[in-house]
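Asks: Listed below are the residues making up each chain.
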Amino acid sequence: MSQKTGQQVYNLTLKIHRYDPDTHRSWIQEYRLEAGRILRFVDLFRKINEEQDATLAWNSSCEHGQCGTCSVKVNGKSLLACELLVENAVQYFNTTTFNIEPLNIAPVVRDLLVDLEKAYERLDKVRPYIIRPAPALSPGEEYPISPHELEGYVNATRCINCFCCASACISSHRTFLGPHAMLAAIIRVMDPREQEKQERLKILYSDQGVYRCHSSRACSFVCPKQIDVAHFIALAKEGGITRKR
Amino acid sequence: MNKASWNPIKLPVERYILPVLEHLPPVVSFYAKTRGWPFIIAWAHRITGLLLALYFFVHIYTLSFLATPVAYDAKMKLFGFFLFSFLEWLLAVPVIFHALNGGRLILFEVFGRRNDESLIRWMLGLSTTYILLLGLMMIRQDQSASLIVYWLPILVFSISLVYLVSLKIWRTENSMAWKLHRMIGVYLLIMIPAHMLFMHLEPAIAHEANTVINRMQHVSAKLLDLTLVLGVSYHAGYGLVSICKDYLPPGSLQNVLTFLIALTIAVLGWVGIKLTIIL
Chain S
9 MSQKTGQQVY NLTLKIHRYD PDTHRSWIQE YRLEAGRILR FVDLFRKINE
59 EQDATLAWNS SCEHGQCGTC SVKVNGKSLL ACELLVENAV QYFNTTTFNI
109 EPLNIAPVVR DLLVDLEKAY ERLDKVRPYI IRPAPALSPG EEYPISPHEL
159 EGYVNATRCI NCFCCASACI SSHRTFLGPH AMLAAIIRVM DPREQEKQER
209 LKILYSDQGV YRCHSSRACS FVCPKQIDVA HFIALAKEGG ITRKR
Chain R
228 MNKASWNPIK LPVERYILPV LEHLPPVVSF YAKTRGWPFI IAWAHRITGL
278 LLALYFFVHI YTLSFLATPV AYDAKMKLFG FFLFSFLEWL LAVPVIFHAL
328 NGGRLILFEV FGRRNDESLI RWMLGLSTTY ILLLGLMMIR QDQSASLIVY
378 WLPILVFSIS LVYLVSLKIW RTENSMAWKL HRMIGVYLLI MIPAHMLFMH
428 LEPAIAHEAN TVINRMQHVS AKLLDLTLVL GVSYHAGYGL VSICKDYLPP
478 GSLQNVLTFL IALTIAVLGW VGIKLTIIL
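Protein chains in written order, with the numbering used here: chain S, 9 to 253; chain R, 228 to 506.
It is possible that some hints are incorrect.
Stated by the list, open to error - Computed cross-link-like contacts, DSS-like style, restricted to lysine-lysine with a CA-CA straight-line distance of at most 25 Å:
id: 1; chain 1: S; residue 1: 210; chain 2: R; residue 2: 395
id: 2; chain 1: S; residue 1: 210; chain 2: S; residue 2: 252
id: 3; chain 1: S; residue 1: 252; chain 2: S; residue 2: 205
id: 4; chain 1: S; residue 1: 205; chain 2: R; residue 2: 449
id: 5; chain 1: S; residue 1: 133; chain 2: S; residue 2: 23
id: 6; chain 1: S; residue 1: 210; chain 2: R; residue 2: 406
id: 7; chain 1: S; residue 1: 233; chain 2: S; residue 2: 133
id: 8; chain 1: R; residue 1: 395; chain 2: R; residue 2: 406
id: 9; chain 1: S; residue 1: 210; chain 2: S; residue 2: 126
id: 10; chain 1: R; residue 1: 395; chain 2: S; residue 2: 252
id: 11; chain 1: S; residue 1: 205; chain 2: R; residue 2: 260
id: 12; chain 1: R; residue 1: 260; chain 2: R; residue 2: 449
id: 13; chain 1: S; residue 1: 252; chain 2: R; residue 2: 406
id: 14; chain 1: S; residue 1: 252; chain 2: S; residue 2: 126
id: 15; chain 1: R; residue 1: 406; chain 2: R; residue 2: 302
id: 16; chain 1: S; residue 1: 55; chain 2: S; residue 2: 23
id: 17; chain 1: R; residue 1: 395; chain 2: R; residue 2: 449
id: 18; chain 1: S; residue 1: 133; chain 2: S; residue 2: 55
id: 19; chain 1: S; residue 1: 23; chain 2: R; residue 2: 302
id: 20; chain 1: R; residue 1: 260; chain 2: S; residue 2: 233
Hints in this document: simulated from the structure, not taken from any laboratory. In this text, all values refer to a predicted model and were calculated from it rather than measured experimentally.
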């Protein structure tokens with residue numbers, strides 16, 4: 009760490025996993041850069057693009073922790089690159105060298121980009137939308153949900169599908185639909201506006217569903233939105249999602 | 228993200244233990260930081276489960292020598308050596324860890340006890356107490372207990388716990404196989420550590436063929452052992468198939484492995500049942 013014009017500057021080494029789809033070559037490329045303490049990791053990637061290597065590919069959209077497109081693994085931890093400040097990363101990992109890789113939830117397209125369509129295929133299996141809406145009390149009006157009902161699952165609705173939980177899970181991605189997919193299914197089972205419960209329960213309590221969860225709670229540990237994903241899956245095992253509130 | 232978000236140190240004693248654990252094997256420190264301690268405990272549960280399934284196989288094989296008491300006694304002489312006694316004591320580590328951590332998981336998943344950190348502390352504390360108590364029994368080798376006086380309260384307690392769990396999960400949407408796995412798990416989490424302790428109250432209980440055969444003449448002992456053989460067979464079989472389903476995609480390889488596991492466990496269970504009945 010050095011002082012520059014009165015501001016703390018870190019001398020960082022980023023070891024980024026790269027992949028070239030044209031040659032099918034994978035390698036780790038090392039970048040050394042100076043960065044201020046409140047720069048985010050997306051800022052570091054952009055800095056690399058601008059100052060050192062324009063070919064480094066990475067993903068981002070909102071850069072405010074709301075879209076989940078910039079998820080990567082930093083020193084093995086799945087997180088949002090737009091939320092990780094340099095200073096926090098140095099403190100947390102106790103190093104200025106960071107190993108950065110794409111999430112292992114789908115095939116890599118290039119460098120830090122993964123095939124999100126493939127990743128979403130598993131989520132689509134739980135049909136994360138209302139299939140058969142309950143009729144509103146009077147025509148043309150919204151369906152009212154009581155605050156008490158909403159309280160049971162409102163935290164789960166904050167999921168942004170960043171796939172960090174799926175990447176950290178003890179089960180593999182070959183069989184388990186994923187903690188985020190379970191969350192999406194559980195929301196709709198608990199949602200009073202949804203009338204199609206049986207189809208959802210069939211998927212939830214299938215071999216690709218809650219039985220692949222072993223309550224290792226890595227999903228809750230890495231969730232950037234601080235959703236206790238393991239709590240909701242445990243609630244499904246406990247029978248708490250079908251209980252009348 | 229700050230250090231406090233992953234560092235679970237709260238009690239004074241953990242201030243010394245956890246940093247040592249984190250720095251010894253790099254793999255532990257890596258996963259503690261990137262996935263949290265419950266993730267490491269989940270892996271430990273899985274590994275101890277595999278070890279115990281393997282030990283179940285060895286245990287049934289050893290007990291099959293009871294058909295010829297002289298051969299059994301000769302084999303048991305080995306356990307008189309310090310190294311084997313030490314290994315027997317070490318077996319208490321996976322047994323009690325798997326049992327109590329299974330209890331913790333049931334409290335977490337079925338009874339809504341989400342204060343997992345305190346449950347982990349209780350689980351580790353009680354495990355250590357049990358391991359030390361068993362070690363003490365093995366050193367003293369002079370305890371005895373009547374079959375009924377020892378087992379009756381334990382059995383009543385275990386069955387009560389199974390009843391409590393069944394009340395919670397019976398009407399849920401979970402599959403019957405899953406419910407049985409949890410209910411049997413609760414039964415075993417008391418019965419197996421109790422069985423291990425009972426067998427080490429004095430050396431003859433488990434190490435002398437005639438004493439074992441005499442004990443097995445009681446119908447109650449036979450019934451007790453039958454429930455253990457059946458319970459362990461099902462619990463281990465379900466666990467192994469579950470691991471297989473965790474990592475192998477649905478298809479022929481998964482089906483073949485599931486079939487092989489079921490077959491092996493069925494044969495092992497059958498040998499155990501036959502042994503319990505004919506002795």
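Asks: State for each hint whether it applies.
Replies: Status of the hints after comparison with the structure:
1. For the suggested pair residue 210/S and residue 395/R, the alpha carbons sit about 20 Å apart, so the restraint of at most 25 Å is met.
2. As the CA atoms of residue 210/S and residue 252/S are separated by approximately 19 Å, the hinted pair is consistent with the 25 Å bound.
3. Restraint check for residue 252/S and residue 205/S: satisfied, since their Cα atoms lie roughly 13 Å apart, inside the 25 Å limit.
4. The hinted pair formed by residue 205/S and residue 449/R fails the criterion: a straight-line CA distance of about 46 Å is larger than 25 Å.
5. For the given pair, residue 133/S sits about 35 Å from residue 23/S by alpha-carbon distance, which is inconsistent with the 25 Å threshold.
6. Our distance criterion of 25 Å between C-alpha atoms is met by residue 210/S and residue 406/R, whose separation comes to about 16 Å.
7. Taking the CA atoms of residue 233/S and residue 133/S, the gap is about 23 Å. The hint holds against a cut of 25 Å.
8. At roughly 10 Å between alpha-carbon atoms, residue 395/R and residue 406/R fall within 25 Å of each other, so this suggested pair holds.
9. Taking the CA atoms of residue 210/S and residue 126/S, the gap is near 23 Å; set against the 25 Å cutoff, the hint holds.
10. The straight-line distance between the Cα atoms of residue 395/R and residue 252/S is roughly 15 Å, inside the 25 Å bound, and the hint therefore holds.
11. A hinted pair counts as satisfied when its Cα atoms are at most 25 Å apart, and residue 205/S with residue 260/R does not qualify at roughly 38 Å.
12. For the suggested pair residue 260/R and residue 449/R, the alpha carbons sit about 48 Å apart, so the restraint of at most 25 Å is broken.
13. A C-alpha spacing of about 22 Å is found between residue 252/S and residue 406/R, which places the hinted pair at or below 25 Å, so the restraint holds.
14. Distance check on the hinted pair: residue 252/S and residue 126/S sit about 36 Å apart at the alpha-carbon level, beyond 25 Å; violated.
15. A C-alpha spacing of about 39 Å is found between residue 406/R and residue 302/R, which places the hinted pair above 25 Å, so the restraint is violated.
16. Between residue 55/S and residue 23/S, the direct Cα distance comes to roughly 15 Å. Compliance with the 25 Å bound is thereby established for this hinted pair.
17. A distance of roughly 30 Å separates the Cα atoms of residue 395/R and residue 449/R; the hinted pair therefore is violated under the 25 Å criterion.
18. The hinted pair formed by residue 133/S and residue 55/S fails the criterion: a straight-line CA distance of about 38 Å is larger than 25 Å.
19. For the proposed pair residue 23/S and residue 302/R, the alpha carbon gap of about 56 Å is over 25 Å, so the pair is violated.
20. For the hint pairing residue 260/R with residue 233/S, the CA-to-CA distance comes to about 18 Å; that is within 25 Å, so the pair holds.
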